[in-house]
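J.: Single-letter residue listing:
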Amino acid sequence: MNDLYDIIVIGAGIVGSLVARFLSKYKLNILLIEKEVDIGMGTSSANSAALHAGYDAVPGSNKAITNVKAVEMWPQLSKELGIQYDRCGDYVVAVNDEDMLVLEELLARGKQNGVPGLEIIDGDEMRRREPLIRPDVVGALWAPTGGLGDPFGATIAAAENAVMNGVTLKLNTAFEDFIMEDSRIVGVRTNQGDFHCRWVVNAAGLYADEVMHKADVRPDFKIRPRRGEYLILDKADFQLTRPTLLFPTPSDKGKGILVASTLHGNVIVGPNANYVESKENKDVTNEGVQEVWTGGNKLVPSIIRKHIIAQFAGLRATGNAPAPNPEINYNQDFIIEIPKEVQGLVNLGGIESPGFTSAPAIAVKVIELLEDAGETLEEKPDWNPLRVPRPVFRHLNREEQADLIAQDPAYGRIVCRCETVTEGEILAEIHAPIPALTYDAIKRRTWLGTGRCQGGFDMPRVVQILSSELGVPPEAVTKKGEGSELLFRQTKRVEKDHLSVEDLL
Amino acid sequence: MKNTYDVIVIGSGPGGLAAAIAARENGAEDVLIIERDVELGGILLQCIHNGFGLELFDQDMPGPAYAQHFIEKARDLNIQTLMDTMVLDITPDRKIYAINKDRGYIFLEARSIVLSMGCRERTRAQILLPGSRPAGVYTAGTAQRFVNVEGHMPGERFVILGSGDIGMIMARRLTIEGAKVERVLEIMPYLTGLTRNYVQCLLDYGITLQKQRTVNRIIGRDRVEAIEAVSVDERWNPIPGSKEIIPCDTLLLSVGLIPENELSKKAGVLLDPVTNGPFVDDHFMTNVPGIFAAGNVVHVYDLVDWVTEAGYAAGKGAAQYALAERLVKGPQIDLTPGENIRYVVPHRLDKDHLAEEEIRLQMRAITPIEERVLVTVEDQNGEVIAKKAEAYARPGEILSLVLKPQQYDAVQKAASLTVNVRKR
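Residue numbers (our numbering), protein chains in the order written: chain A, 1 to 505; chain B, 1 to 424.
Hint data in this document are derived by calculation from the structure and do not stem from the laboratory.
Cβ atoms here follow ideal geometry from the backbone N, Cα and C, with glycine treated the same way.
Among the hints, a few may not be true.
[Claimed, not checked] Pairs of lysine-lysine residues, derived as DSSO-like cross-links and limited to a Cα-Cα distance of at most 30 Å, are as follows:
| no. | chain 1 | residue 1 | chain 2 | residue 2 |
| --- | --- | --- | --- | --- |
| 1 | B | LYS423 | B | LYS211 |
| 2 | B | LYS265 | A | LYS298 |
| 3 | A | LYS340 | A | LYS69 |
| 4 | B | LYS388 | B | LYS413 |
| 5 | A | LYS27 | A | LYS69 |
| 6 | B | LYS95 | A | LYS235 |
| 7 | A | LYS235 | B | LYS211 |
| 8 | B | LYS413 | B | LYS423 |
| 9 | B | LYS387 | B | LYS423 |
| 10 | B | LYS265 | B | LYS95 |
| 11 | B | LYS2 | A | LYS306 |
| 12 | A | LYS380 | A | LYS27 |
| 13 | B | LYS404 | B | LYS388 |
| 14 | A | LYS235 | B | LYS265 |
| 15 | B | LYS243 | B | LYS266 |
| 16 | A | LYS306 | B | LYS265 |
| 17 | A | LYS279 | A | LYS214 |
| 18 | A | LYS79 | A | LYS27 |
| 19 | B | LYS266 | A | LYS235 |
| 20 | A | LYS79 | A | LYS235 |
| 21 | A | LYS492 | B | LYS413 |
| 22 | B | LYS211 | B | LYS180 |
| 23 | A | LYS492 | A | LYS25 |
| 24 | B | LYS101 | B | LYS73 |
| 25 | A | LYS253 | A | LYS69 |
| 26 | B | LYS2 | B | LYS266 |
| 27 | A | LYS69 | A | LYS222 |
| 28 | B | LYS243 | B | LYS351 |
| 29 | A | LYS306 | B | LYS211 |
| 30 | A | LYS340 | A | LYS279 |
| 31 | A | LYS306 | B | LYS243 |
| 32 | B | LYS243 | B | LYS211 |
| 33 | B | LYS243 | A | LYS279 |
[To be verified] Just so you have them, the derived chain A footprint on chain B, three or more residues with Cβ under 8 Å:
| no. | segment |
| --- | --- |
| 34 | 92 to 101 |
| 35 | 115 to 124 |
| 36 | 139 to 149 |
| 37 | 152 to 161 |
| 38 | 220 to 234 |
| 39 | 338 to 347 |
Make a model of the complete structure from these sequences and hints.
T.: Set out below in structure tokens:
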């Protein structure tokens with residue numbers, strides 16, 4: 001039977017994609033479903049792109065355990081999947097005595113969590129390492145294992161490697177309900193029909209609560225989306241002295257507004273943290289810009305507003321789950337469990353920060369849970385953990401660029417002038433194992449349209465390329481799926497057979 | 001194809017074409033234009049409306065016709081071209097690295113370079129427009145390319161933010177194509193584009209312009225569904241009770257242009273933070289010897305005719321530099337913005353240049369003065385060296401004043417020059 005899977009993973013964000021990728025190692029028939037037109041469009045698409053060292057998660061919590069474990073996994077994982085990763089280290093910056101006490105607390109917590117290399121440095125040392133830091137800094141916590149990641153690239157690489165290893169990916173496929181036999185899950189009902197399976201992994205991100213409620217699991221668990229707004233600075237105008245992440249001391253609202261480098265070369269400022277009602281409300285606001293800007297300025301006074309080239313907001317899937325160890329007083333933990341109420345569900349929920357960092361460890365934990373539940377996982381002899389990244393023109397030196405154009409002239413045509421993205425890169429993504437079919441899908445993969453002109457130059461060209469490669473009219477090309485068409489109709493269009501030359505005369 | 005040229009011009013818009021032509025006419029033998037698109041003419045090719053050439057030719061031409069005039073001249077002068085080619089890097093010693101599909105990686109050297117990359121449009125992020133991020137938010141120029149070059153409508157029901165020229169011209173264009181332009185909103189208390197465009201593009205088509213009003217929020221998940229408009233005071237604070245939801249499917253932005261100087265920076269060219277273009281002298285040479293800049297890459301002009309004129313001056317300078325390796329003969333003097341002037345181009349003058357020919361100064365006013373004004377060039381003691389009367393001064397329209405050879409003596413004696421615009 002075609003639609004009988006061993007495991008169905010709901011949600012192709014970073015967590016679902018990595019779960020699918022790690023599970024693809026075994027002789028399992030796996031289906032990964034995603035309600036959107038592309039993978040990684042939810043929380044994975046808009047966050048700080050930070051790989052956290054793990055010093056601020058509450059000791060003993062799922063967040064702390066998976067974070068610290070995942071930090072050990074990322075170097076190898078990024079090599080296997082061809083994901084960019086820079087373990088540049090990060091700082092929590094203190095500006096007064098009170099902050100210094102917080103640093104001591106973070107240091108103690110970090111040590112308890114097993115974070116290696118933590119060190120408190122004084123103000124002079126901080127100013128020496130980053131002269132752009134506010135001049136009255138009195139000290140900082142230095143975490144050498146913090147780093148910069150690429151949440152888009154990682155999600156795409158993980159899902160692609162999963163697909164290479166036999167996982168079936170279905171986009172535009174929204175979970176509607178479980179198919180139950182007594183208290184056993186035997187499948188899922190979606191807007192694209194029913195799919196049967198033995199196990200379901202709930203990796204639905206912001207919607208994880210709604211998914212588990214359909215199985216009557218954790219009725220009290222609720223995700224309250226917490227919106228974070230960000231500002232991106234022009235890379236030609238502003239850079240930190242060397243790549244790093246600068247955090248303020250954390251508050252009850254989270255890790256605070258950071259100023260950080262990104263692997264794409266821009267400095268990012270943000271996020272704030274405000275609860276919103278809707279899981280789709282990714283609005284940017286005047287108040288948010290003000291809040292983020294003030295926060296960023298507190299750390300690095302020399303940033304100026306003229307350097308802002310983009311703003312966006314993302315949602316965190318903030319839950320209310322207590323830590324599994326009842327002795328820990330913490331009620332915002334990750335859920336990583338096989339619940340007792342039903343059979344056949346691996347339940348993940350409340351995966352907010354440090355979810356991106358923790359994702360590989362969560363995936364490994366899913367495998368352990370399945371094994372604990374008696375699932376015999378047999379490795380495939382032909383599993384290929386390697387995914388070779390496609391060429392990124394701007395990362396190559398002149399000789400390599402010349403060679404690439406000689407091999408394929410499409411790399412000799414620049415489509416995005418600000419970010420130096422070539423036609424060759426766009427074509428490669430449209431024809432990749434997981435094809436990029438929308439403007440935003442190409443944007444997330446190639447980084448075109450993210451620069452100072454924000455797509456003004458490339459968009460007409462990308463519409464042309466998508467139209468001709470997909471064999472659809474330009475009016476059918478979308479920004480991010482159905483309903484987001486970029487163009488409406490041809491100008492001066494005369495319907496066929498509607499008018500003849502004789503009529504006109 | 002050779003690798004060394006007397007003059008290499010980057011960009012084939014009106015500034016670049018004029019620079020290349022002037023370079024040839026002033027003795028440069030080998031002149032090359034590098035163009036990133038597949039045709040010469042730059043943004044003129046999508047400007048199918050008329051209004052080009054009134055100042056230089058006393059003719060009213062559409063953009064492509066204006067471009068064609070110069071394209072043909074360039075062809076007659078055997079100016080070489082490298083099309084569909086993107087320059088990736090320029091060094092201060094005038095080496096150029098570029099790529100295209102046919103030749104792959106290209107390395108060139110020039111005795112002088114004219115930068116004429118034009119400008120780009122300010123985007124939604126640069127004005128920090130709040131709300132969702134759906135399809136249907138375009139800069140006016142991108143919409144213009146879609147409609148006039150690609151032949152596609154980017155929407156049916158528009159709100160246009162900003163009374164810049166491209167926005168007003170697109171309001172008319174879209175109306176002609178059968179779309180509905182609900183409103184043009186302008187956050188400033190005055191028009192930011194040309195008065196003639198307001199009359200010909202908005203008034204004549206019954207399109208409403210609302211000043212001191214802006215977009216407060218973009219609404220819609222996948223495609224724009226509406227915008228929320230709000231009135232603002234002089235400090236851009238929203239006025240309570242003035243919000244209005246305007247249903248629409250597209251928001252066009254005409255909120256300013258920024259000279260495109262990423263390559264200039266790589267070449268070590270210093271930029272004026274006010275114009276966002278290079279500091280230039282009266283030959284349009286930048287601080288880097290042998291690197292010139294012409295057109296909207298220097299500052300944003302409101303008429304193409306002045307871009308062409310600047311291109312000619314830059315091309316002539318570039319040819320002279322290429323042939324003589326020397327251009328500035330005597331002392332230079334700074335030109336600085338004075339009363340109610342935001343900037344002046346050029347930023348400095350070659351004092352002796354005035355003996356040979358007239359030099360045009362171009363300025364933008366800071367605030368509008370809707371009565372007769374006097375534009376003056378004054379020395380350090382407030383002595384008026386040159387003046388010109390105008391009917392008004394508006395930030396949307398460039399002020400222009402020509403220094404003449406008869407002012408040579410006064411300029412020679414001056415230690416500095418300021419430009420002012422005041423009520424008469």
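J.: Does each hint fit the structure? Answer for all of them.
T.: Hints and how they fare:
Simply put, LYS423/B and LYS211/B have alpha-carbon atoms about 24 Å apart, close enough for the 30 Å limit, and the pair holds. For the suggested pair LYS265/B and LYS298/A, the alpha carbons sit about 29 Å apart, so the restraint of at most 30 Å is met. Distance hint between LYS340/A and LYS69/A is fulfilled; the C-alpha atoms sit about 26 Å from each other, no more than 30 Å. Between LYS388/B and LYS413/B the alpha-carbon distance is near 21 Å, which keeps this suggested pair within the 30 Å criterion.
Distance restraint check for LYS27/A and LYS69/A: the Cα-Cα separation of roughly 26 Å lies within the 30 Å cut-off, and the hinted pair is therefore satisfied. In summary, the hint linking LYS95/B to LYS235/A is supported, as the alpha carbons are separated by about 23 Å, within the 30 Å threshold. Using a Cα cut-off of 30 Å, the hinted pair LYS235/A and LYS211/B is violated, with the two alpha carbons roughly 34 Å apart. Distance check on the hinted pair: LYS413/B and LYS423/B sit about 27 Å apart at the alpha-carbon level, within 30 Å; holds.
The straight-line distance between the Cα atoms of LYS387/B and LYS423/B is roughly 13 Å, inside the 30 Å bound, and the hint therefore holds. With a CA separation close to 14 Å, the supplied pair LYS265/B and LYS95/B stays within the 30 Å bound. Taking the CA atoms of LYS2/B and LYS306/A, the gap is near 41 Å; set against the 30 Å cutoff, the hint is violated. Restraint check for LYS380/A and LYS27/A: the C-alpha separation of about 5 Å stays at or below 30 Å, so the hint holds.
Between LYS404/B and LYS388/B the alpha-carbon distance is near 12 Å, which keeps this suggested pair within the 30 Å criterion. Distance hint between LYS235/A and LYS265/B is fulfilled; the C-alpha atoms sit about 13 Å from each other, no more than 30 Å. With a C-alpha separation of about 45 Å, the suggested pairing of LYS243/B with LYS266/B is violated against the 30 Å cut-off. A distance of roughly 17 Å separates the Cα atoms of LYS306/A and LYS265/B; the hinted pair therefore holds under the 30 Å criterion.
Restraint check for LYS279/A and LYS214/A: satisfied, since their Cα atoms lie roughly 18 Å apart, inside the 30 Å limit. Proposed proximity of LYS79/A and LYS27/A is supported: the alpha carbons are some 24 Å apart, at most 30 Å. The hinted pair formed by LYS266/B and LYS235/A meets the criterion: a straight-line CA distance of about 13 Å does not exceed 30 Å. For the given pair, LYS79/A sits about 26 Å from LYS235/A by alpha-carbon distance, which is consistent with the 30 Å threshold.
Under the criterion of a C-alpha separation no larger than 30 Å, the hint pairing LYS492/A with LYS413/B is inconsistent with the structure, at around 62 Å. Restraint check for LYS211/B and LYS180/B: satisfied, since their Cα atoms lie roughly 20 Å apart, inside the 30 Å limit. Distance restraint check for LYS492/A and LYS25/A: the Cα-Cα separation of roughly 55 Å exceeds the 30 Å cut-off, and the hinted pair is therefore not satisfied. At most 30 Å may separate the alpha-carbon atoms for a hinted pair to count; LYS101/B and LYS73/B meet this at roughly 27 Å.
Proximity of LYS253/A to LYS69/A is assessed by CA-CA distance (about 24 Å); at most 30 Å being required, the pair is judged to hold. A distance of roughly 24 Å separates the Cα atoms of LYS2/B and LYS266/B; the hinted pair therefore holds under the 30 Å criterion. A hinted pair counts as satisfied when its Cα atoms are at most 30 Å apart, and LYS69/A with LYS222/A qualifies at roughly 26 Å. As the CA atoms of LYS243/B and LYS351/B are separated by approximately 55 Å, the hinted pair breaks the 30 Å bound.
Only pairs whose Cα atoms come within 30 Å are accepted, and LYS306/A paired with LYS211/B is accepted, the gap being roughly 24 Å. A distance of roughly 28 Å separates the Cα atoms of LYS340/A and LYS279/A; the hinted pair therefore holds under the 30 Å criterion. Taking the CA atoms of LYS306/A and LYS243/B, the gap is about 27 Å. The hint holds against a cut of 30 Å. For the suggested pair LYS243/B and LYS211/B, the alpha carbons sit about 14 Å apart, so the restraint of at most 30 Å is met.
Between LYS243/B and LYS279/A the CA atoms are separated by roughly 25 Å; this keeps the pair inside 30 Å, and the hint holds. Here's how the segment 92 to 101 of chain B fares: 4 of its residues keep a CB closer than 8 Å to some CB of chain A, so the rule of at least three is met and the hint holds. Using a Cβ-Cβ cut-off of 8 Å, 4 residues of the segment 115 to 124 of chain B lie near chain A, which meets the minimum of three, so the contact claim holds. Only residues whose C-beta sits within less than 8 Å of a C-beta in chain A count toward coverage, and the segment 139 to 149 of chain B has 7 of them, enough to reach three; the restraint holds.
Check result for the segment 152 to 161 of chain B against chain A: holds, 5 residues qualifying (beta carbon to beta carbon below 8 Å, three or more required). Coverage of the segment 220 to 234 of chain B by chain A holds. Counting CB-CB distances below 8 Å, 3 residues qualify, and the rule asks for three or more. Counting residues of the segment 338 to 347 of chain B whose CB lies closer than 8 Å to any CB of chain A gives 0, which falls below the minimum of 3, so the coverage claim is violated.
In this structure, the earlier hints numbered 7, 11, 15, 21, 23, 28, 39 are contradicted, and the remaining ones agree with it.
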